[in-house]
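S.K.: Sequence:
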Amino acid sequence: MDYPQALIDTAALQHNLNIVRKKAPHSKVIGIIKADGYGHGIVEVAKSLIKGVDSFGVARLQEGIHLRQDGIHCPIILLSGISNKADLEHAATHNLNLVIHHITQLELLQQVVLPNPISVWVKVDTGMHRLGFPPQQIHEVITLLRNCSSVLSIIGLMSHFANADKFSDSFTLTQLEIFNHLKINLPRSFANSAAIMIYPQSQLDWVRPGLMLYGISPFKDSTGSELNLKSVMTLKSRLIAIQHLHTGDKVGYDSTWICPKSMPVGIVALGYGDGYPRHIQNETPMLVNGAFVPIIGRISMDMITLDLRTQPNATVGDPVIAWGAGLPIERIAHRAGTIPYELVCQVTPRVPRVLL
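Its first residue numbered 1, the sequence shown is counted upward by one per residue in full-length UniProt numbering.
Simulated from the structure, these hints should not be mistaken for laboratory data.
Here the structure is a predicted model, which is why all the values come from computation and not from measurement.
No residue lacks a Cβ here, since even glycine has one placed at the ideal position from N, Cα and C.
Heads up, some of the hints might be wrong.
Unchecked claim - FRET-style restraints, in silico, Cβ to Cβ:
1. His102 - Arg68: 54 to 60 Å
2. Gly326 - Leu355: 16 to 22 Å
3. Ser168 - Gln137: 44 to 50 Å
4. Lys250 - Pro349: 30 to 36 Å
5. Arg146 - Arg68: 41 to 47 Å
6. Gln5 - Thr93: 31 to 37 Å
7. Arg335 - Lys250: 19 to 25 Å
8. Asp54 - Ala241: 19 to 25 Å
9. Lys250 - Asp54: 44 to 50 Å
10. Asp221 - Gln243: 23 to 29 Å
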């Protein structure tokens, strides 16, 4: 096939989950699979991980419903909660657990009588100031929820780190201290991927790995492989044309790259229409037949041009890897001035996810 594919290595998913289990042996695991499983395919990821996690976490109601409709029956947590009566009723119908983080959600639960009461988590704002109740309100919130007929149970408390990817960060330790200071006898969840790795004291009762499940480092200056993680997604395509250009020939839109000498170039069936970042720097590497070759010229919607001077024997049909096996996505994200999260999440639906 000449068009791009995102190859999804399910064995790598299992390996990375095993790393989580080894790092946090006494904690239950909430596998975070929001945003279509970080672009990897939410149902496929869920089915690969379901035997090794205790719950899944998603951001949007429709993600949870989608999983239920595809036969995923384990606990699913709606991390962003709900904001209206219809969504609350849908969440209850599909047996989704809700994160309660705002007074309006609490009021909604008090006003709506659910035939199937739901289980909830309570979000505590320990300093990130995005979602959650202030610590001084948590006792009152817990009391109100326990007296609410639409609430089946309170599963636990959770919060979210702002800077867990920074080593020995004082604010991270302050957030954890605030959370631990709460005198409430409920299970707790705080640690994301970065905290699982470097703040073991934050692992508590439940951990919430996201990025590390997909083999990607949560730290700015390292790759997943350096943390013994295995890349799950390999974005792959093929050369669909070889051109032999001459000194002074211009390449691509706006003629931004000019050949310094006679040279072969290869055209890859991949572009920003597939989610590859248009603004990425020239000289960003791709792998052709296992060798690094640089991008030249502008990224087009469906095509990218490569300098093949180091691979003069490359031919039409040869495989090209944009990131993944042999080419860390962290390196590509750095060249694009972004983070790996964005790259995997913006791979478009026209790129088929192929399970390995």
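S.K.: Of the numbered hints stated earlier in the document, which are not met by this structure?
M.R.: Of the numbered hints, 1, 3, 5, 8, 9 and 10 do not hold.
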